[in-house]
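Work out the full structure, taking the sequences as your base and the hints as a guide.
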Amino acid sequence: MALWVDKYRPRELTKLDYHKEQAEDLRNLCKQTDFPHLMFYGPSGSGKKTRIMCLLREMYGAGVERLRNENMSFTTTSGRKIEVMTVSSNYHLELNPSDAGIYDRTVVIDLIKQVAQTQQIDITGQREFKVIVISEGDELTKDAQHALRRTMEKYVATCRIILSVNSTSRIIPAIRSRCLGVRISAPTEAEITTILQNTCKREGLSLPNELAKRVALKSERNLRRALLMLEASKVQQYPFTAQQEIPQLDWQSFLHETANQILSEQTPAKLEKIRERLYELLAQGVPPNLIFRGLVQQLVCNCDMSLKANTLKFAALYEHRMQNGAKHIFHLEAFVAQFMNIYKQFVSELIMTDDF
Amino acid sequence: MDQYPDENEEFELQYQDELEMLDDLPSDQQHVEYGPTTSKQAAAQRAAQEQKLQLQQVDKGGRAPLLDQSQLSNSTLHSPQLSQITFGHSQAEPEGNGAPVNRRLFGTPKGPPQRGCSTPFQRMLPIKEVVQEVAMETEPLLNAAATQLQEVGLRKSSKRRLERDLFGDIDDLYPDESYEDPMAKKARTEEQRDNEAIERILELRRKMRETSKTVRQDEVTRLKALHEFKMRNLSYEIPTWPFLAVQRSDLERLYVRFHSEDYETRQLELLSARGFRHGSMCGSLLGEAKQQVWQEANELVLQRMAPATQLPVAAAPAAASGAETEGLWVDKYKPRKYIDLLSDEMTNRSLLYWLKMWDKVVFGKEFHSKQEQTDAAGGGGGGGGGAGNQQLNSFNKRTGKFESNGGWRQRKPRQALNTNVDELGRPMQKVALLCGPPGLGKTTLAHTIARHAGYNVREINASDDRTPEAFKLALENGTQMSSVLNVDRRPNCIILDEIDGAPRQSIEYLVKFVNDGIYSKAKAKGAKAVHNVLKRPIICICNDIYDPALRALRQMAFVVRFPPLDSARLAERLLKIARRERLQTDFGSLIALADKSGNDVRSCISSMQFFSAQQQSLSLQDVLNNNLGQKDRSQGLFDIWGAIFRIQRPKKQLQQRNKTEEEEAQVTMTDMSVATRVRNVLDVVHSGGDYERLTQGVYENYLQQKMPDPNFNGVCEAMQWFCFSDALQNQISRQQNYTVYPYLQYGFVVWHLLFATLAWPKIAFPTRGFEFNQKSTNQRNIFQAFRKSITTAAQGIGQGSVLLMDTVPLVRRIISPQLRSVAVQLLSQKEQYDLRHTIQVMVDLGLTFVQVKSVEGHYVFQTEPDLDALSAFPGFPGITLPYFSRQLIAREVDLERIRRAAPKSNDFDPIAPTTTSSQPATKKTSPHLPNHLRTLKPKQISATNAPKQQLTKDFFGRVQHKSTASSKIEEAKTDAIVKSPIWYRYKEGFNNAVRKDVHLHELL
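Chains A and B are the protein sequences, given in the same order. Residues in the first sequence are numbered consecutively from 0, following numbering that gives the first Met the number 0. Residues in the second sequence are numbered consecutively from 0, following numbering that gives the first Met the number 0.
Simulated from the structure, these hints should not be mistaken for laboratory data. Source: prediction; values computed, not measured. Each hint should be verified, as a subset may be incorrect.
[Said to hold, decoys possible] EDC-like, lysine to aspartate or glutamate: derived pairs with alpha carbons at most 20 Å apart: (1) B/471 x B/499; (2) A/272 x B/699; (3) B/331 x B/571; (4) B/705 x A/264; (5) A/141 x A/152; (6) A/312 x B/716; (7) B/761 x B/708; (8) A/272 x B/708; (9) B/787 x A/82; (10) B/787 x A/69; (11) B/787 x A/5; (12) A/6 x B/895; (13) A/272 x B/770; (14) B/774 x A/275; (15) A/269 x B/716; (16) B/774 x A/279; (17) A/14 x A/57; (18) A/153 x A/127; (19) B/774 x A/271; (20) A/269 x B/699; (21) B/829 x A/202.
[To be verified] To list a few chain B residues with every Cβ distance to chain A over 10 Å, as calculated: (22) 199; (23) 206; (24) 242; (25) 244; (26) 333; (27) 463; (28) 472; (29) 534; (30) 547; (31) 553; (32) 566; (33) 609; (34) 672; (35) 755.
Backbone N, C-alpha and C fix where the C-beta goes; we use that ideal spot for every residue, glycine too.
Encoded structure:
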């Protein structure tokens, strides 16, 4: 519990910093004997997991915080062995099916079903059902989601499923309709600033309000990122100054640099250099949609309105195509080439109109 | 008459060697030689005409040795008188005809081109003429063309020219055929310009040369016939036989002989018999036999004339192609002797040499090493195999002959043949492995050579059962047994054809077998296993030598790689076949055919047969315009990429226009229209197949190509296609939806049209995709390791990509505090705090620093799992702590780990166990017992308790507990020891005599 994100994480619904009415609603939900399947959705760093843990604590008491790591291994039908890491307490089981990649269907069938089928023998438990927390639920493949929907219905007596997803758009409607959706919106910058201040107070540090605001802005309303950034800045330089450098995410800087290079020169040779950089980003595991987003955000800064629209149009087009393909580099490069094309045309037109 | 055979015999004796050589020639070549044979016959005919009347003149001994004759004729030729002989005008007509006829008959093929006499065309026609003339004894019925030719020759000839016409044969006196009179040459060049008839000759000859190559003359026959002819038909003095006097331009008289009709007919029958039997039945030409022979001859003459009139160009006699015409040409013209082999001479010889190395084991004949053989090359033939049987002798004789006319050994070292022999006299490499592309004649070579070396061939090929059991049986039978029923008791030579398709176990067995690793078990008498020793050569044949199944075999075998055939050599052979089959063709088109098929002999011959079945000719256009004989050769990846990025330069090509027009074959440029290019690219890509790799190659190379594309329109277009093919690939691989597979290839067309240039493209092998895959796999593994190491204490750092994107880069900073390199105690408060914080975080996340040796050779501390590599971008150097800091942190992290792992309860007291000392420590293992007691205990149990309990059982098996005095003493002792924190106990051979309990928390 050394990282501030862990150390000062609220453990109870009553101690949450923001979305307090929603927290109250969740408490009321727990007070009844039963509650439906839940789906927490919202951007990362908004506190979905925190609320889920608070909810579980509300239901089962402090026992849920006695966690243990477990590695479960499965054998797929094709004979491949996959390992899934789970974190569990006596009352709940948390897993990330995306560990299994395209074999997550096996996980759903084997593990979730098995847990769901098991009756609670321990009468002392507060509830007669166990909770399965599926984090990154939107990473579930369609197959796995379809495997899940029947399980959710059939074993509703013994098991509740809490999904934590970023966007409901990738959850099939069947599951969406089976769950009570709880939207966790990202904290506002003001809220983040307050939380940062509180944290520093509890740490015994003094944080200039200016810096707190800058961190909050930089974190893009991602509380986790904000806290980690603050902590990293603290390691870099303590007594805080208002204008001190806030640590960057390397991949973001790299991406910005790439976008600037695209704007600086539009030649095949440049395109090849850009390709190298894109390869680098992909190899580091940066998700291609993040790359798309980062590029577009940086590129449109230097464009006028028509060009912006065009850029977004093409970004959407290639991002969509990328979902149908497997080699992301092609689509990224296609977008870059397309942007270079329209940007070059735009610039040359600009020069021509200037001439006349 | 009776002297004639004698002369013939003498001739044979004298030229025996040559005749033998002739016999050794391939069978088809013999057929080819029929042209000359005909001329020989004709010449002999003439000779025979003279013979009857000349009997009294020539000496009665009838020896008329040829050598003398040739000397004689040489002298006559050089005599000035003879050179002045000329023809009369009208009266000399018959002779005038005769002489050029003969001249042409024996004219050399190497004659100057403007001279009609040396071309096959003009040589052949007169043959027919002679035959006619002689047979009918009428005024010569001349073929129109021939007449014309002769007239041309006569009319325009100068005096010297006439001489040449008369004695043109002098060239033939020189066996090397290289002689050429410079004067004559000059004269000819003078004629050249004014004579339109000669132009026509040239025209005719050109056509002739296209369709058939000149046939090698049989010099000996020619020589012989010439002498006879000259000696008997011409004279400077008034002869005793009827004659016609002729006066030459220099007033020298020449007497030309006359013959009666009767005589001529007799001579004809005699000749026709002799011509075909090479004088073997010369004595029996009287009575019934004569009649028979006469008929035969007539038939033959007719037979020969018929095709000759129809098809003047294909002069090769049809005699041979009787019953054989049905079979496949490939079988028909399969080489049957060693000399017939078409494959590379070095290859043949090295394999033969290897096979000969087996002679010692197989035939019991001493094998001469290279050096010895060279010494004994001449006479080693019959000498070696005295002990052997008849078969062996003949075999030896053949090899002896082969060795003597070789002279090849000095040329080159042969490929990788180990010439040493093992203790049994076998070659070190006991298996020969022939490899090469199909159609080069590997199987044929193996069979031919094995037969040549005197073996009985046993072939096992892919059509046979090649399971290990069947293989074993075949191998054992082949090597250890020989056929009993067969009259021909040759030793076996096993040929394993198409071995690359055999199951791996079979090949393994073969390897073991060859290495003498197989012991057959003698079942019945319990005798020792009999060691099977391989005593027969084994030849394996494969196409792909690098087949993984063949690896073991390859290492121990004598590998003979088949070089591709020389297309000229192949075309030459094809030409021979074409001539035998009377297929009109020329050398150029055959070379084209050979090239097109990739010098595949089999496919060439098959194609030729196909053409001959269709029509009687094979022209260059046929070869170029047909897809026949073209192999589906796979191209390398680079060739395919090259084809995509390069516009083929227009090539010269023969194109067939309408044949009715005068320009029947026209050299045009291949059209490089878009349609052609598209078709080319599609073809090439088709042959390549592996679209994914091809796409990757295009992707990584297209930006290097020169493109006139300033606005990126082409690149965008290309990228669209990349995306499209990626989507298709994904569709195929994910859903096995192969219906979209055909669309994959069209991307290549677009890329070709967009980026192809005329310049030679620089293409690099696509490695980037592979590197990318490697790197991302590596990163993923590090990340997985990191995730696994995270403890439950750190749950708030996110999961999946969030963890990687947000947490990792920041955590790297958090765990990199700036510490001065001083002792921990001297650190400032902030540093102390940072250090403690870092350690906590690292333990939470399961991180540590480990010492590794870097590539430069010095030690560095590296995070484990390697977070430094996880989020490192070029140009963004990560925060790397100095060695000291990391060392410090690593140590502290380890301590913290241990601290956390230690039991939480601090109430542990080392003295505590003593309170329970009332219980005997030896009986119960209490968890609170100090270390020393636990180690001591087991011995005591076995020493005291266990035997005692056995002893104290009562009658009913009930255990009676008795506490003995000894145990009491032990207890007391233990108590005394336990009571003090430090104790001493002497124990021989142990070094743990002095002990103290130290707890972890005291050390930390």
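Hints, verified against the model:
no., hint, in the structure
1, B/471 x B/499, "holds (17 Å)"
2, A/272 x B/699, "holds (12 Å)"
3, B/331 x B/571, "holds (17 Å)"
4, B/705 x A/264, "holds (18 Å)"
5, A/141 x A/152, "holds (17 Å)"
6, A/312 x B/716, "holds (16 Å)"
7, B/761 x B/708, "holds (18 Å)"
8, A/272 x B/708, "holds (18 Å)"
9, B/787 x A/82, "holds (11 Å)"
10, B/787 x A/69, "holds (10 Å)"
11, B/787 x A/5, "holds (18 Å)"
12, A/6 x B/895, "holds (18 Å)"
13, A/272 x B/770, "holds (16 Å)"
14, B/774 x A/275, "holds (13 Å)"
15, A/269 x B/716, "holds (18 Å)"
16, B/774 x A/279, "holds (9 Å)"
17, A/14 x A/57, "holds (12 Å)"
18, A/153 x A/127, "holds (15 Å)"
19, B/774 x A/271, "holds (19 Å)"
20, A/269 x B/699, "holds (14 Å)"
21, B/829 x A/202, "holds (13 Å)"
22, 199, "holds (65 Å)"
23, 206, "holds (58 Å)"
24, 242, "holds (96 Å)"
25, 244, "holds (96 Å)"
26, 333, "holds (52 Å)"
27, 463, "holds (36 Å)"
28, 472, "holds (38 Å)"
29, 534, "holds (49 Å)"
30, 547, "holds (24 Å)"
31, 553, "holds (34 Å)"
32, 566, "holds (43 Å)"
33, 609, "holds (47 Å)"
34, 672, "holds (27 Å)"
35, 755, "holds (15 Å)"
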